[in-house]
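Engineer: Chain by chain, the residues:
Protein chains: 2
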Amino acid sequence: MKILVAGSGAMGSTFGHVLHKGGHDVTLCDKWDENVRVTNSRGLVITDVDKVENSPLKMYYPHQVQGEFDLVLFFTKSMQLEAMIQDVKHLVTENTKVLCLLNGLGHLQTLQKYFDDKHILMGVTVCTAKLLGPGEFLLSAHSNTEVRNIDPSQEAACREVVKAFNDSGMPMTYSEDIAYSTWRKACLNGMTNSVCALLDVNMRMQGQMDQMRDTVKQIVSEFAAAAALEGVNFDVEQFTEWSMQFLQPSFAGIDHYPSMWQDLVANKRATEIDYLNGYVARKLKEAGQWAPYCELITRFIHGKEKALGIPYTFVQ
Amino acid sequence: MKILVAGSGAMGSTFGHVLHKGGHDVTLCDKWDENVRVTNSRGLVITDVDKVENSPLKMYYPHQVQGEFDLVLFFTKSMQLEAMIQDVKHLVTENTKVLCLLNGLGHLQTLQKYFDDKHILMGVTVCTAKLLGPGEFLLSAHSNTEVRNIDPSQEAACREVVKAFNDSGMPMTYSEDIAYSTWRKACLNGMTNSVCALLDVNMRMQGQMDQMRDTVKQIVSEFAAAAALEGVNFDVEQFTEWSMQFLQPSFAGIDHYPSMWQDLVANKRATEIDYLNGYVARKLKEAGQWAPYCELITRFIHGKEKALGIPYTFVQ
Chain A
1 MKILVAGSGA
11 MGSTFGHVLH
21 KGGHDVTLCD
31 KWDENVRVTN
41 SRGLVITDVD
51 KVENSPLKMY
61 YPHQVQGEFD
71 LVLFFTKSMQ
81 LEAMIQDVKH
91 LVTENTKVLC
101 LLNGLGHLQT
111 LQKYFDDKHI
121 LMGVTVCTAK
131 LLGPGEFLLS
141 AHSNTEVRNI
151 DPSQEAACRE
161 VVKAFNDSGM
171 PMTYSEDIAY
181 STWRKACLNG
191 MTNSVCALLD
201 VNMRMQGQMD
211 QMRDTVKQIV
221 SEFAAAAALE
231 GVNFDVEQFT
241 EWSMQFLQPS
251 FAGIDHYPSM
261 WQDLVANKRA
271 TEIDYLNGYV
281 ARKLKEAGQW
291 APYCELITRF
301 IHGKEKALGI
311 PYTFVQ
Chain B
1 MKILVAGSGA
11 MGSTFGHVLH
21 KGGHDVTLCD
31 KWDENVRVTN
41 SRGLVITDVD
51 KVENSPLKMY
61 YPHQVQGEFD
71 LVLFFTKSMQ
81 LEAMIQDVKH
91 LVTENTKVLC
101 LLNGLGHLQT
111 LQKYFDDKHI
121 LMGVTVCTAK
131 LLGPGEFLLS
141 AHSNTEVRNI
151 DPSQEAACRE
161 VVKAFNDSGM
171 PMTYSEDIAY
181 STWRKACLNG
191 MTNSVCALLD
201 VNMRMQGQMD
211 QMRDTVKQIV
221 SEFAAAAALE
231 GVNFDVEQFT
241 EWSMQFLQPS
251 FAGIDHYPSM
261 WQDLVANKRA
271 TEIDYLNGYV
281 ARKLKEAGQW
291 APYCELITRF
301 IHGKEKALGI
311 PYTFVQ
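In order, the protein sequences belong to chains A and B.
Numbering-wise (full-length UniProt numbering), the first sequence opens with residue 1 and increments by one.
Numbering-wise (full-length UniProt numbering), the second sequence opens with residue 1 and increments by one.
It is possible that part of the hints are untrue.
Given that identical chains are not distinguished, each listed pair holds provided it fits within a single copy or across any two copies.
Under the rule of at most 25 Å between Cα atoms (straight-line distance), these lysine-lysine pairs were calculated in the PhoX-like manner [unchecked claim]:
(1) Lys217 <-> Lys285
(2) Lys306 <-> Lys217
(3) Lys113 <-> Lys268
(4) Lys51 <-> Lys130
(5) Lys31 <-> Lys58
(6) Lys285 <-> Lys31
(7) Lys268 <-> Lys306
(8) Lys31 <-> Lys21
(9) Lys268 <-> Lys118
(10) Lys185 <-> Lys285
(11) Lys268 <-> Lys2
(12) Lys113 <-> Lys77
(13) Lys21 <-> Lys268
(14) Lys2 <-> Lys306
Calculated directly from the structure, the hints in this document are not laboratory data.
A quick note: this is a predicted structure, and the numbers were derived from the prediction, not measured.
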């Protein structure tokens, strides 16, 4: 399969590397200058779980990419998706599928502005990867990714992608309900990533805070209300119970600092808050409802970005 | 006037020092071991605005204090008030007045558990003082303090206290409406102290954050709703406008970090959040209403206290 990875940071580069090892024709592109420069001069270094590997893959700027692709894999940060689509949309031709594996909410609507539904595959991955430096990334585990076509007629094409990933040792399943899975992951991120980033704590420490179950439940209820507006339903009580497990020492005993903490605290980079809690706050406000916790968390996260001198956009 | 200062940190020690210089018989007591020890060994050092002065005042533990007092000046941290009252209440006799100058809400109710209204004077000060170290404190300015008797029959006695302070060069006025003034100061603290502490920013930086006027307005509206339950009324729009001035560079250009930031970030001490935003959250909850911003801010401040290993109590 001829695959273009559009956005080759930690997730994109490691996925691209594994797919390349699986025999696919992979092209990486990215817009982070240092990443492109270091990868092309010193070479891409991927730690594939526990093995440090040198990848022969080159890194291009989007405008340098030419040719026909079977699959364009979008793996930018949320706020960079639309600009990346504009850069590569001319490469999406009749038989090209685009697969969106970004975290967060609202991405399908962004894709639909540029592509017909028959091109679009939406996915959710539980893989995590880490930036070690430009051109140097770590994939934590080959965990599952689920994916589904948006146009019902494209199931066979989607299942081909599923097979291609699985054949490369990157587990992928055909999703029963990708909208539900997307909201579930976003809600989990929204109840822990943003809180850990704001308070500069790990998930275990978050779980030990007073009234945290009530706080999580309120955040979950706001996500559930916004999800319901898009026809996705989940039980607040049940989801709160499930979410709280991730904050228990048995799960979080490894002192995991989630990705938004990595962005804001460790790397002083803009967060994806507008596509998590911020999305929920916007959606409910548009519908004449109110998500006070998500709203305040979003404002505070942007407040920290400003205080830290991080360039950001506040999607309002 | 024979005055006992019950709680001799930055505010209590500096007020005690100025009153002593004004000719009053001042006794300081405190429960912070190092403060008592250093004051009695090296002597109390007060920077009275711009002049460093050695005070001859000794520092006692509450249980060591004996005698009769005209005035007991309570100047503990909010969470220490009740324990201090229990330590010194036997010193409050027929003609003793107790004057409460603590920041925050709910202190009158605490005093009323132990003292008849005719003893109680409530005050609000705009003075600020700073801990430089045990036995070493800075009074920023001789700013105004307003005060009023709770029992209407005690106006003359209250005016005697007002005169005593003024005669010592510590400006004091007889308040028109001390409940209103207490709520106004608490609301100002609740919209900036807790936010600056949580986000580790100064007031100027807070003022530059996106949607801060909306955030302040929501906090103010929650304070106003709780105040209304106690018969105190203020206009949300007008008060928001007034509050926002303090976050403008013209006012906050000196990069002022408010007291809760000093406690939480600089000194890693427990905050008074339960007597500001936390009080509002509790009061509205008891009344079947909801203060989501104050509630979440209170939980997050306690979360930071826990994460920083600061011993605290969460008043629920």
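Engineer: Next, verify each hint and record whether it holds.
Structural biologist: Each hint tested on the structure:
1. Taking identical chains as interchangeable, the C-alpha atoms of Lys217 and Lys285 lie at most 25 Å apart whether they share a chain (19 Å) or sit on different chains (17 Å).
2. Taking the shortest alpha-carbon separations for Lys306 and Lys217, only the inter-copy value of 20 Å comes in at or below 25 Å, while the best intra-copy value is 28 Å.
3. In the homo-oligomer, the alpha carbons of Lys113 and Lys268 never lie at most 25 Å apart, since the shortest distance is 31 Å inside one protomer and 50 Å across protomers.
4. For a Cα distance limit of 25 Å, the shortest separation of Lys51 from Lys130 inside one copy, 14 Å, qualifies, whereas the shortest one across copies, 55 Å, does not.
5. Taking identical chains as interchangeable, the C-alpha atoms of Lys31 and Lys58 lie at most 25 Å apart only when both belong to the same chain, with a minimum of 13 Å there against 67 Å between chains.
6. In the homo-oligomer, the alpha carbons of Lys285 and Lys31 never lie at most 25 Å apart, since the shortest distance is 33 Å inside one protomer and 50 Å across protomers.
7. With identical chains, the CA atoms of Lys268 and Lys306 are at most 25 Å apart both within one copy (11 Å) and between copies (24 Å).
8. Within a single copy, Lys31 and Lys21 get their C-alpha atoms as close as 24 Å, which meets the 25 Å cut-off; across copies the closest is 68 Å, which misses it.
9. Taking the shortest alpha-carbon separations for Lys268 and Lys118, neither the intra-copy value of 38 Å nor the inter-copy value of 57 Å comes in at or below 25 Å.
10. In this assembly of identical chains, Lys185 and Lys285 lie within 25 Å of each other by CA distance solely inside one copy; the values are 22 Å within and 31 Å between copies.
11. Neither within a single protomer nor between protomers do Lys268 and Lys2 lie at most 25 Å apart by alpha-carbon distance, with minima of 35 Å and 56 Å respectively.
12. In this assembly of identical chains, Lys113 and Lys77 lie within 25 Å of each other by CA distance solely inside one copy; the values are 18 Å within and 57 Å between copies.
13. Proximity of Lys21 to Lys268 under the C-alpha cut-off of 25 Å is found in neither arrangement, the shortest distances being 33 Å within a copy and 51 Å between copies.
14. For the homomeric pair Lys2 and Lys306, neither the shortest alpha-carbon distance inside one copy (41 Å) nor that between copies (51 Å) is at most 25 Å.
Figure legend: structure checked against the earlier numbered hints; hints not met, in rising order: 3, 6, 9, 11, 13 and 14.
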